[in-house]
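Novice: So the sequence lines, in the order shown, correspond to chains A and B. Numbering (the numbering used here) for the first sequence: 5 to 127. Numbering (the numbering used here) for the second sequence: 27 to 117.
Treat the hints with caution; some may be incorrect.
[Unchecked claim] Simulated coverage check for chain A against chain B, where a stretch passes if three residues somewhere in it have a Cβ under 8 angstroms from a Cβ of chain B:
# : region
1 : 9-20
2 : 24-38
3 : 54-68
4 : 78-87
If you are wondering where the hints come from, they were derived from the structure by calculation, not from laboratory data. C-beta: ideal position from N, C-alpha, C; glycine also.
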Amino acid sequence: MPSPLELLTAVCLLLGTFLMMVAALGLLRLPDVFCRMHAAGKAGTLGVVLIILGTAAIFFGTPNDVSIRGPLAIVFQFLTSPAATHLLARAAYVREYPLSDRTKVDELKTFLPSRPDEIYTQE
Amino acid sequence: MSPFLAYVSMVCLAALLVASAVCLYRLALGPTAADRAVAFDTLVAVFIGVVCVLCIRWDSVLYFDAVWILTLVGFLGSVSIARFLERGRVF
Chain A
5 MPSPLELLTA VCLLLGTFLM MVAALGLLRL PDVFCRMHAA GKAGTLGVVL
55 IILGTAAIFF GTPNDVSIRG PLAIVFQFLT SPAATHLLAR AAYVREYPLS
105 DRTKVDELKT FLPSRPDEIY TQE
Chain B
27 MSPFLAYVSM VCLAALLVAS AVCLYRLALG PTAADRAVAF DTLVAVFIGV
77 VCVLCIRWDS VLYFDAVWIL TLVGFLGSVS IARFLERGRV F
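With the rest of the complex left out, here is chain B (with noise of 0.2 angstroms):
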């Protein structure tokens, strides 16, 4: 990995880690249970953008499938939250 790549990857890794404080904030302190399942959707997309710029800062993919599990469970999450908050109930 080039000198380049390694500053903005730690730029990029800075950045997110305030974009998931800002995230962790409105989880903790939402005023309804509909702003904690939207900070955690972005929560997770945020964890996403972490694998993916230490997946390039340690030049390994060995972790890329995490993207996958992420992407996949903070959907059945917001979705199973969504349907009890609905309906009472998930099925």
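The shape of chain A in the complex, shown without the other chains (with noise of 0.2 angstroms):
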């Protein structure tokens, strides 16, 4: 019978791992690019931290404890991760990459006009 630790270790890691496999399925299967940052940027971002977390939980209390260096891994992947989405997606709307078939409402054409030759000539 595993001990409580190693339990919740273990669902630590099958759950993050279920989550990376949903981004890596919605990369595949998603549409245009837009949807597959969707995907990679939630799913991927929280799985990281699940099984960060399930490794820092099983060497707790052991020589080997990370119980710094883990969850400080995970506030950074917090910190970064949206942040390198968003500019990704603003660069790639910017740059006018096609949007799929089925898109309905694009409601950022009002706000972020999308000829960076217009935008950038100022500087």
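Take the two lone chains and join them into the complex the hints point to.
Specialist: The structure is reproduced here in structure tokens:
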């Protein structure tokens, strides 16, 4: 019978791996680059966080303690991953990468002009 | 490491292998450069998971610093690709 700590680690690892699989599946199946970012950005980040949490849990209290490094890595992941995905999405929109055929509303069109040459000629 | 955790970590490694294969497929065939950047980001995340699971399997945190390095390199790579796509230069 596994101990409670091992059970927690196993649940975290399996859930995190499942979310990684969901992110990869979304990367494979969704129609355009913005939908793929939606899948990879959210599910991928949460999957990494859960796997790191499981690792920090199983090593808690042993000589190999990572209870500082693990949560700090989680915080850093939460800080950096949305920023990177946001910058990529903005760059893809400004460069006019094609939206999917099934797109109905493009609300960003009124806020973000999609002609990069005119945006950055002032610099 | 208990047999239970050995079994669970083996299942996780197999699933992460499948996920990284899918990411490599999108990295090779992505129609646009932004697709490849997103696939690279997800591939880095999958590798972080592999490093963590291997830390558990080997009962050692010797390679846990690779998690930090992969996070930093993945962030810097994504940001520099995005800036290059948007403006034609990085700085």
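Novice: Against each hint, give a clear statement of whether it holds in the structure.
Specialist: Hints and how they fare:
1. 9-20: That given contact holds, which follows from 6 residues of the region 9-20 of chain A lying within Cβ reach (below 8 angstroms) of chain B.
2. 24-38: holds (count 8)
3. 54-68: holds (count 7)
4. 78-87: It holds: at least three residues are needed, and the region 78-87 of chain A offers 5 whose Cβ sits within less than 8 angstroms of chain B.
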